[in-house]
Amino acid sequence: MSNPFYDPSLSGRHRSARLFKWFTRGSILFTLLFLCFFLFDMARTAYPALWQIYVKVDVSYTEKSARLTSKAIDKKYRKIVSRSWLRDIPKQLEKNPGLMGTTVKQWVLADDQVDQYMKGHHHNLKSKVIRTLEELTVKDEIELQWNTVFFTRGDSKIPENAGILSALVGSVLTLLVTMFFAFPLGVMTAVYLEEFARDNWLTRFIEVNINNLAAIPSILFGLLGLAVFINLFGMPRSSPLVGGLTLALMTLPIIIVSSRAALRSVPDSIRQAGYGLGLTRIQIVQDHVLPVAFPGILTGSIIGLAQAMGETAPLIIIGMIAFIPDSPSSITEAATVLPAQIFTWTGMPERAYVEKTAAGIVVILSILFLLNAVAIYLRKKYEIKW
Amino acid sequence: MKSSGNANITSGSDIKIKASGLNLWYGDNHALHDINMDIHKNKITALIGPSGCGKSTFLRCINRMNDLFDHVRIKGEIKVEGKNVYDKDVDVVAVRKRIGMVFQQPNPFPKSIYDNITYAPLKHCLIKKGKACDELVETSLEAAGLWNEVKDKLHSPGTALSGGQQQRLCIARAIAVKPDAILMDEPTSALDPISTEKIESLMLELKKDYTIVTVTHNMQQAHRTADYTAYFHLGKLVEYNETEALFNNPVEELTDSYISGRFG
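These protein sequence lines are chains A and B, in that order.
According to our numbering, the first sequence holds residues 556 to 941 in order.
According to our numbering, the second sequence holds residues 160 to 423 in order.
By construction, these hints were calculated from the structure, which means they are not laboratory data.
Just to be clear, a hint being listed does not mean it is correct.
[What the hints assert, rightly or not] Counterexamples of contact, computed for chain B against chain A with all Cβ distances above 10 Å:
no.: 1; residue: 173
no.: 2; residue: 229
no.: 3; residue: 238
no.: 4; residue: 289
[Claimed, not checked] Below, in silico cross-link-like pairs of lysine-lysine (DSSO-like), each with a Cα-Cα straight-line distance of 27 Å or less:
no.: 5; chain 1: A; residue 1: 936; chain 2: B; residue 2: 270
no.: 6; chain 1: A; residue 1: 935; chain 2: B; residue 2: 177
no.: 7; chain 1: A; residue 1: 630; chain 2: A; residue 2: 650
no.: 8; chain 1: A; residue 1: 935; chain 2: B; residue 2: 312
no.: 9; chain 1: A; residue 1: 936; chain 2: B; residue 2: 337
[To be verified] Among the chain A residues that face chain B by a calculated CB cut under 8 Å, a handful are:
no.: 10; residue: 753
no.: 11; residue: 757
no.: 12; residue: 834
no.: 13; residue: 838
no.: 14; residue: 841
no.: 15; residue: 843
no.: 16; residue: 847
Ideal placement from N, C-alpha and C gives every residue a C-beta, glycine not left out.
For reference, chain A alone in the conformation it holds in the complex (with noise of 0.2 Å):
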């Protein structure tokens, strides 16, 4: 008996339906290969710089080398031990007066070159420093240790000195000064263009033009904060203050379209529910729209506010790229970010400030997926089920 459903033009079909899925099957594979090796060669570079060579050295403490410190150090151990270390001498004994007079052998800070050099790395050293350091190492009296220094410093000259803190701070300073003008802003942009605006041609383009925004280059938002905060407003260049304005700007229509189609989600049956009660508007949107949409609105402002944490060129057009060694303490201070740190690192001669800079990227990073985790938590905590 032959097969009533036998169809020969089928097998072609099924094979080109097979053939699509395995195209979208290895373009996601191909995705998280790109993602898997960047994740991996981010975190092989960085985690070098998670540890600092020290080395276990005499430390004499005298009115000598309280004014020239390197003298504190036996003339063999000069070139192995970091300066700035030594240019902290007198704020140790002004911290610990009891030290005066005395030699102690302690774990001291290594030069950047050593540490390359004992990482494994490309340095300059001479042969004889190089001698002494084999010394050392047999004596055990040098040795990795965990990098507090990366965490608790800002910027420095002198590689084995610099740390990310000023530059989390001044990101963490941008990025409340963003939130504070963006967010309010937004939302209420929002609520105004979807709960109380009629449809007319000035709504539309009001509509149009927030929509454009959010499709502006973003070194054009650091040109209009430099002309208008700094030129016209006379607020301090690269400080929080201006960088998040400026974010603030760019943030804005982000947010406001998230929030726009957060609202545009909620039921209009809820509201009928409520005119049908004699509720106010003001009323309906408070108390039975907006709670509704908040899951959603809050996700589109952090994702707004992850997008501006790692914008770095509208920063450089007002400044934020400074120097910038101690953390600021005020939102008008200088201060830098981390994508700018980030930035400034990559362009220095050293071999010390790979590793810092990849230790900087996966901090950055480290903060992202902690942002969108929070975004995440938000938005499952507040949700409103059906």
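Following the hints, complete the assembly by docking chain B onto the known chain A.
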């Protein structure tokens, strides 16, 4: 075409809502033509007719819900207890507070059952927080025949109830504001027959205290529940009479065709 009902319904009961010369345009579309209609107090009045005939539009004129649409133009008047709701000195929010509404799709607020009932009365300052709220919740749910089903879960979300329960919650929410009249826009069309039966008997119960105007596609429902029935066709009120009279002896040809199922 004459509005045959206007003159001959004078069965002695009070007139609660009186529409006269009501015209409505959606942009250029003339959706309601010169409606004159008296709606009686403590009666159920059903509006029937094919889709797009203007019955829902007319219903939404009574509590001025059509004001929410742009491009709507209304002429004529609707007097509720003698006062035209379209007068300049009338606040639309106050109109909607006095004339409650129940919609086709059950639409409880995404809040607890308790808050669904108390939100509007609290905003209208009808009651104070605390014991008065508890009492209002109980009496409203009791009146809507929902109390026994939900009394143990008053603080669970209203949206978690079944469709029929949600619709009764919406009715409870509407009567919690102590309105003069309740408008129902196809209140059972999204519900199963058992829930529909409950809503219908609830309507019969509620008419003791409220004037009810309901729109329905279900002619049996109009026949079962309504005291008066109005038949709309293409934006005109074709016939309006006591339900029995309208269904048994329709005056107009169109009405006869519609109720005997020849179209619609």
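>> Output the indices of the hints that this structure fails to meet, ascending.
In response: 2, 6, 9, 11, 14
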